[in-house]
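I would like the entire structure built from these sequences, with the hints used as guidance.
Protein sequences, first through last, are from chains W and U.
Counting from 1, one number per residue, gives the positions in the first sequence under UniProt numbering.
Counting from 1, one number per residue, gives the positions in the second sequence under UniProt numbering.
Treat the hints as calculated values from the structure; they're not laboratory data.
A quick note: this is a predicted structure, and the numbers were derived from the prediction, not measured.
List of simulated lysine-lysine pairs, DSS-like, C-alpha gap at most 27 Å: (1) U:LYS73 <-> W:LYS261; (2) U:LYS307 <-> U:LYS345; (3) W:LYS50 <-> U:LYS252; (4) W:LYS392 <-> U:LYS77; (5) U:LYS327 <-> U:LYS307; (6) W:LYS260 <-> U:LYS73; (7) U:LYS101 <-> W:LYS50; (8) W:LYS101 <-> U:LYS345; (9) U:LYS73 <-> W:LYS50; (10) U:LYS73 <-> W:LYS392; (11) U:LYS101 <-> U:LYS52; (12) W:LYS101 <-> U:LYS77; (13) W:LYS256 <-> U:LYS77; (14) W:LYS256 <-> U:LYS73; (15) W:LYS43 <-> U:LYS369; (16) W:LYS261 <-> U:LYS77; (17) W:LYS364 <-> U:LYS345; (18) W:LYS363 <-> U:LYS345; (19) U:LYS252 <-> U:LYS327; (20) U:LYS345 <-> U:LYS369; (21) W:LYS392 <-> W:LYS260; (22) U:LYS77 <-> W:LYS260; (23) W:LYS332 <-> W:LYS364.
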Amino acid sequence: MLRIRRVPTVVSNYQKEEAEEGARQGGGCGRNCLNKCCILGAKLPLYAFKRVNKIVTEKTLLGDENKEPPVDFLDSLLLGEWEDRMQRGLFRYDVTACETKVIPGEYGFIAQLNEGRHLKKRPTEFRVDKVLQPFDGNKFNFTKVGQEEVLFQFEASEDDEVQFFPNVPIDVENSPSVVAINVSPIEYGHVLLIPRILEGLPQRIDRESFLLALYMAAAAGNPYFRLGYNSLGAFATINHLHFQAYYLAVPFPIEKAPTKKITTMTDGVKISELLNYPVRGLVFEGGNTLLDLANVVSDSCICLQENNIPYNVLISDSGKRVFLFPQCYAEKQALGEVSPELLDTQVNPAVWEISGHMVLKRKKDYEEASEENAWRLLAEVSLSEERFEEVKALIFEALACDNGDNGGVSQSFIEKQDVTPQSVEEVEALNNGSHPSMVPGKQECIVLL
Amino acid sequence: MDTQLGLIEQSFNVRYSVWVREALDDLSGSFTTTDPCISGHPIVYASRGFLKMSLYSRDEVIGKNGRMFQGPKTNRKSVMEIREAIREERAIQINILNYRKDGTPFWMLFRMSPVFNKEDGRVIHFVGVQVPILQKHRQSSSGFGRNGVNLCEDGVFASRRREVCSDSVAELARFLAMDSVLGSDDRELEVDEPSEASDLEMRNAVTAINNTLSVLTHYSELTGRLVCGKRCCLSGMGLLGSSLNISLGRIKQSFVLIEPHLPDMPIVYARDVFLKMTGYARHEVLGHNCRFLGGVETNSSTIFQIKESIRTEQACTIRILNYRKDKSKFWNFLHISPVRNASGKIAYFVEVQIDESRKNQDKQGLSHKMRQCSVVGAVKAAVRSLSMVTDTSNS
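Following this line, the structure appears as structure tokens:
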């Protein structure tokens, strides 16, 4: 069993009390949390997004512009609610007072000096050799956060229009997905998307949850609002399904990296490989529908987690581009293969660091930050070229397998994933779109398989 | 929508004399002008050639953002590169796949250049030129394989590409040739990989941009508000960059930014809604201290509270009696908050005004407190992010 010791990030004010948890179990806990004890009658704003099954061209979006949405998702709702929590003093520090800079160089790595993020917490042991672990309700999870840390509920609209309700009771039966603050933000507006929070899902990608994350990126409608995902073993600290997200109007180095196309799937999803970037990874974009893109990416993630390969995902460009990085830093760290010099920085290379946004804990590291240093750290995260080729082959094999199945399996897959189609249109979209496959005659596929 | 169109009219009329549209209409070629200071960074002028090429009517494109011509196969990285050029207020030339009104895609060489206010170096407009790339110039993939790709993977490529604004056509040709090598080792559907622009097409782009710039310069001379294609003046102290303007322009509520480090703490940014609420014109408020909103009946202890809030760098919410330009009074439900830049220092104070008599008129159903929070949140995020660019030179 491989383990590493690290200082876990405190994402909720209720996480700190974990040690005393045992004594408090059972009955109304008095913390106004999201568990059965407190949730009855609790109310939260609700943002219902519009499902877009058709091709998301800018032209169709343009038609919507005239019909103004009831509330601007990013500027009015998310950042507004976040500022409100800041005025209420719920965060551990004011992240806007943390110095940050773009490091000179070709890629423009972003460095932030954040001395407060990892204070007051003892290092904890993390098992890093198992990407899938069962949910443990006794450990800290998001049902234990206080309701004041939850900003709003986020769900698909029933009538195909964006809707907003300032105050809606939490419908326990309906398994709401919520957006909550991260009390240790790495940027202004740093939040967590917790799909179907009350179901107690472990940190594990499934099609429906990944689609939800893409919809959130699309709802924000701003290319600089990105979502990220860390699997267990790739620096996720909490084994309760969640995505992170924040807004930072600076291009990430990963988005600037050149790419080389590998193939285009029959559903239009283009898969490329990153070139000339310290971490090897895949880039997914395009697709006839948002669902196509979501399915190809989530199937790739499912393949990785089932093969016990830790990975990170970045959703960028309003959900139009997705980056996937299998990684091995934690494993190397557990095996003692990472240089002490790098370990001393205590930088945990999770999705944001890999994307080029480095949060540094020591002033010295911040002052000496250079593209070369960032590159050196990230190079340790990357799989070797050989291993990456193997992993790539696994992914393409999994994607091609979907192609081999017929429509009957499609239905069972949907049932397995517990996706409840809301409309005839969606059923069709699922049937047509859920089996990405190679364009026949593509030379690349033969090479890979 | 009317006010938006009004702003678009003004965007041109304030800057150039009356015949500028006719003069531009006489130019051949496809080009557009956009205004980064208007919310949504819309197209404010589109040439006949552009309309002919895109198959849209003028009314269908004026007021819209250039992204309306992108489609599912438009390369997202190219879009990002254009967005970056806008943000950094520099020129760019790039091959990009766009879509006509009927949905057909076509490759074009897009060259874009900022137009500056000669006096203070502020970006007034962007001029974009679109030269369709003819299929016969498409690069055949046979000549280049993986080796071709590897040649330009040394990292030099990306940094040099940023210098594409160099005026030398020969230089451009070199970069673009490299560009096409990078994407050419894949035999694909026609639209999937970039087309290469010919020398002629590249020359045409340069000529078109120069012609447009010279028309704009000429017609600005007559109004006395001179524009130029090169930034002549860097004294734009206290002025907000166009990318910050674009971000702030999305906020639909009344607010101003004040600059605490300048003498007398003047307003450096005022939202249109603020002007409407108070009845002042923009030039009457920019550069002035907010005290002009006060009057004989304004409570002096409230004013003291504002000063204290700024002195102690703390947010505060107060109710203050203010006066419009026409001397009519209104109760201003005012929120003030410090706004920090990327280095963590206070760059501005944001003041969000809500006219108390209209406090509850919000179709979104958000409380007035939440509406104030939204403005503060959006301003804080924009200022912090957009001050990161400038810091590169210092570090």
